[in-house]
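Listed here are the chains, written in short residue letters.
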Amino acid sequence: MYVYNDFDEAFVRNRVAQFRGQVERRIDGSLTEDEFKPLRLMNGLYLQLHAYMLRVAVPYGTLNAVQMRQLAYIADRWDKGYGHFTTRQNIQYNWPELRDVPDMLAALADVGMHAIQTSGNTIRNVTADHFAGAAADEIEDPRAIAELLRQWSTDHPEFQFLPRKFKIAVTGATEDRAVTRAHDIGLRMVRNAAGEPGFEVIVGGGLGRTPMVGKVLRDFLPKADLLPYCEAIVSVYNLLGRRDNKYKARIKITVHENGLEKIQTLVEDRFAAIRPTFTGHDQALLAVIETAFAPPAFAVKSSDGYQAARLANPAFRSWTDTNLAAHKAPGYAIVSISIKKHGATPGDATSDQMRAMADIAERYGHNELRISHEQNVILPHVHQSDLPAVYAALRAADLATANIGLVSDIIACPGMDYCALATARSIPIAQDIATRFDALKLEHEIGPLKIKISGCINACGHHHVGHIGILGLDRAGVENYQITLGGDGTQTTTIGERAGPGFSAADIVPAIERLVTGYLDLRTDANETFLQAYRRLGMAPFKTLLYPAEDQADAA
Amino acid sequence: MSVIVTDTGFAADDWTGGFIGHAANDCGYGVDLPSDTDPATLGQLANAPMIRIDFPSSADGRGFTLANLLRRLGYTGRLRARGHVLADQYAMARRSGFDEVEITDALAARQPQNQWLARSDWQNHNYQARLRG
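So the sequences go chain by chain: E and V. Residues 262 to 817 in this note's numbering are what the first sequence lists, from first letter to last. Residues 791 to 923 in this note's numbering are what the second sequence lists, from first letter to last.
FYI, nobody ran anything at the bench for these hints, they're computed from the structure. Heads up, some of the hints might be wrong.
[Stated by the list, open to error] Chain E is nowhere near these chain V residues, computed Cβ spacing over 10 Å in every case:
hint, residue
1, Gly807
2, Ala883
3, Leu907
4, Ala908
5, Tyr917
[Unchecked claim] Only part of the chain E face toward chain V is listed, based on derived beta-carbon distances under 8 Å:
hint, residue
6, Arg286
7, Glu296
8, Pro299
9, Leu300
10, Leu488
11, Asn506
12, Tyr508
13, Thr540
14, Leu546
15, Gln568
16, Arg697
17, Ser765
Where a beta carbon is used, it is the ideal one built from N, C-alpha and C, also for glycine.
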């Protein structure tokens with residue numbers, strides 16, 4: 262894992278000192294609230310419905326045990342003993358006091374962390390495949406590149422006041438687990454015909470009120486050109502992006518309104534001018550960063566105990582069926598820890614649970630943890646022989662829910678329970694759906710299904726790319742939930758289609774139940790997933806499941 | 791009146807050449823550029839002794855990119871950021887190629903000299919300088 266060098270350390274300490282000064286100047290009136298706002302946002306501090314919210318960056322989702330314990334300490338000392346993992350691999354604290362925030366940032370700096378650029382109209386925390394460095398289908402670990410991008414984008418003097426926020430995601434695998442096609446810039450590591458490493462550069466993807474699938478700006482960008490090319494894109498966007506309407510300010514709209522070809526021409530011209538200003542120091546730094554992401558020393562040992570435990574314990578077997586993924590090293594597995602216990606708030610972990618996960622990572626997981634955009638925590642490197650002990654320790658911490666990728670593994674934004682922008686509640690809907698399907702005991706029979714819930718049109722819950730998406734709106738003061746179907750956030754990214762009129766808060770869970778249990782009758786066999794069935798059959802039979810009364814009316 | 795901020799703090803404006811709007815400039819005037827200036831036209835300004843770029847709002851970061859573009863084009867004259875620029879943006883302005891910042895007396899009263907001098911160390915802790923060498 263990357264460890265801060267003296268430069269990074271001094272930078273973050275200096276930044277904390279600056280923010281301490283900014284908070285003091287806000288309190289003494291030198292800064293107006295309007296002026297303070299972009300400064301606090303650059304340091305991850307939002308104002309929500311009830312309180313400030315501090316969003317801490319977990320760059321490319323990677324943490325070690327010491328860092329996870331510090332997150333637990335911060336939760337206990339300055340918040341309410343829990344944190345919320347987000348869809349951009351960050352952690353949010355919902356109840357900090359303004360005067361405490363500089364101390365919280367100093368505590369983060371103590372473990373090589375920060376909250377820089379987790380909000381505001383700037384380049385946000387760079388996200389990456391949460392299975393990076395462990396996945397069996399990986400070309401190269403994308404985290405070194407993500408760290409290089411973090412350093413380049415941090416405090417970039419030209420890009421702190423962009424038209425709108427700007428999100429970059431990187432993947433090094435064939436399976437896209439980083440939703441690269443729904444980012445302002447998505448980077449897919451590829452090799453050209455000569456076998457040289459580089460990137461497919463995707464631009465202008467995004468969800469929000471105008472969802473768009475990103476377009477390929479460059480088929481193959483040599484690895485060494487990455488920073489000047491990204492700088493060219495953001496430089497063009499900074500001048501061309503609209504500033505008259507915040508809902509039309511993202512680069513997806515800039516690309517849409519100007520056309521991909523024009524953007525390509527402008528970016529290539531700008532790139533030609535910027536490229537000579539990079540003289541190779543970035544590549545020398547990258548080489549150092551890459552050594553920090555060398556794989557751990559994988560153990561070679563027998564997995565016999567694992568198979569015996571699977572046979573002996575059905576609950577363990579069920580958990581291994583859902584919560585493990587293929588690892589590149591023989592005898593190893595990638596463990597997903599579900600932060601989606603039925604009936605709990607998706608993505609919320611208590612400080613005790615954070616400490617338990619840190620202990621497990623230290624003892625059995627080569628001291629590595631990841632936060633996934635699906636709001637779960639990953640142990641990327643666990644030997645199969647340690648899985649029974651890991652499972653027992655997770656059970657003791659109430660973290661052994663066996664539902665990864667299933668109907669109750671729901672992404673939900675904070676919604677009206679916390680967020681000032683929300684038009685409806687998300688968390689209670691997620692809780693009710695999870696509780697209902699747990700009671701039906703159908704979850705494992707239903708199989709892979711991604712439900713994603715957003716509490717407003719800004720789509721933080723990624724509902725557009727949920728196999729079933731739920732969007733909570735406000736209709737004349739009453740919550741109304743619209744359903745979209747067929748969304749997909751992987752390498753075959755698709756924006757879901759709206760099924761029809763929305764449902765009330767009381768009717769949405771029964772509607773989802775009709776939809777999902779109805780799918781069981783529609784599928785060809787147990788191997789056909791919900792998404793596959795939808796793609797084969799189209800909207801019509803699912804619409805009939807959702808709106809049975811109207812169907813009868815038509816027949817009458 | 792206005793205040794000119796440089797690395798040494800506040801000073802009165804010593805520019806006596808006056809300003810004109812964007813035009814091919816071979817005379818002694820300074821050139822005023824709005825933040826929505828077409829970047830394709832910047833090449834005409836190589837000989838201007840002074841270019842002043844407007845910041846209508848501290849949230850409008852276009853001026854930082856315009857300054858970078860001018861410097862990359864080889865502009866070596868005096869480059870000034872003018873308008874709603876905050877002390878906290880001073881380092882960004884200097885790193886983007888500006889020599890100085892022009893603010894109103896009212897802003898200077900609210901954000902006094904010491905707050906700007908605190909960022910006169912803009913050459914330190916600079917990731918860009920490290921990555922570019």
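These are the hints, each one checked on the structure:
1. At roughly 27 Å, the least C-beta separation between Gly807/V and chain E is larger than 10 Å, which holds for a residue marked as non-interface.
2. Annotated as non-interface, Ala883/V brings its C-beta within 10 Å of a C-beta of chain E; the closest such distance is 8 Å.
3. Taking the minimum C-beta to C-beta distance to chain E, about 12 Å, the non-interface status of Leu907/V holds against the 10 Å cut.
4. Annotated as non-interface, Ala908/V brings its C-beta within 10 Å of a C-beta of chain E; the closest such distance is 7 Å.
5. In this structure Tyr917/V is not separated from chain E by more than 10 Å, as the shortest Cβ-Cβ distance comes to only about 5 Å.
6. The beta carbon of Arg286/E is positioned within 8 Å of a beta carbon in chain V (closest approach about 7 Å), and the interface hint is therefore held.
7. The interface hint given for Glu296/E is met, as the beta carbon of that residue sits about 6 Å from the closest beta carbon of chain V, less than 8 Å.
8. The beta carbon of Pro299/E comes within 6 Å of a beta carbon in chain V, closer than 8 Å, and the hint placing it at the interface holds.
9. The restraint placing Leu300/E at the interface with chain V holds, with a minimum CB-CB distance near 6 Å, inside the 8 Å limit.
10. Of the supplied interface hints, the one on Leu488/E holds, with its beta-carbon coming within about 7 Å of a beta-carbon of chain V, less than 8 Å.
11. Taking 8 Å as the C-beta cut-off, the interface hint given for Asn506/E is violated, the closest approach to chain V being about 14 Å.
12. Evaluation of the Tyr508/E hint against chain V yields a violated restraint, the C-beta minimum of about 16 Å exceeding 8 Å.
13. Against a cut-off of 8 Å between C-beta atoms, the interface hint on Thr540/E holds, since the closest Cβ of chain V lies about 5 Å away.
14. Look at Leu546/E: its Cβ gets to within about 7 Å of chain V, closer than 8 Å, so that hint holds up.
15. Look at Gln568/E: its Cβ only gets to about 49 Å from chain V, farther than 8 Å, so that hint breaks.
16. About 45 Å separates the beta-carbon of Arg697/E from the nearest beta-carbon of chain V, more than 8 Å, and the hint is not met.
17. Because the closest C-beta pair between Ser765/E and chain V is about 39 Å apart, greater than 8 Å, the hint is violated.
Against the hints set out earlier in the document, violations occur for numbers 2, 4, 5, 11, 12, 15, 16, 17.
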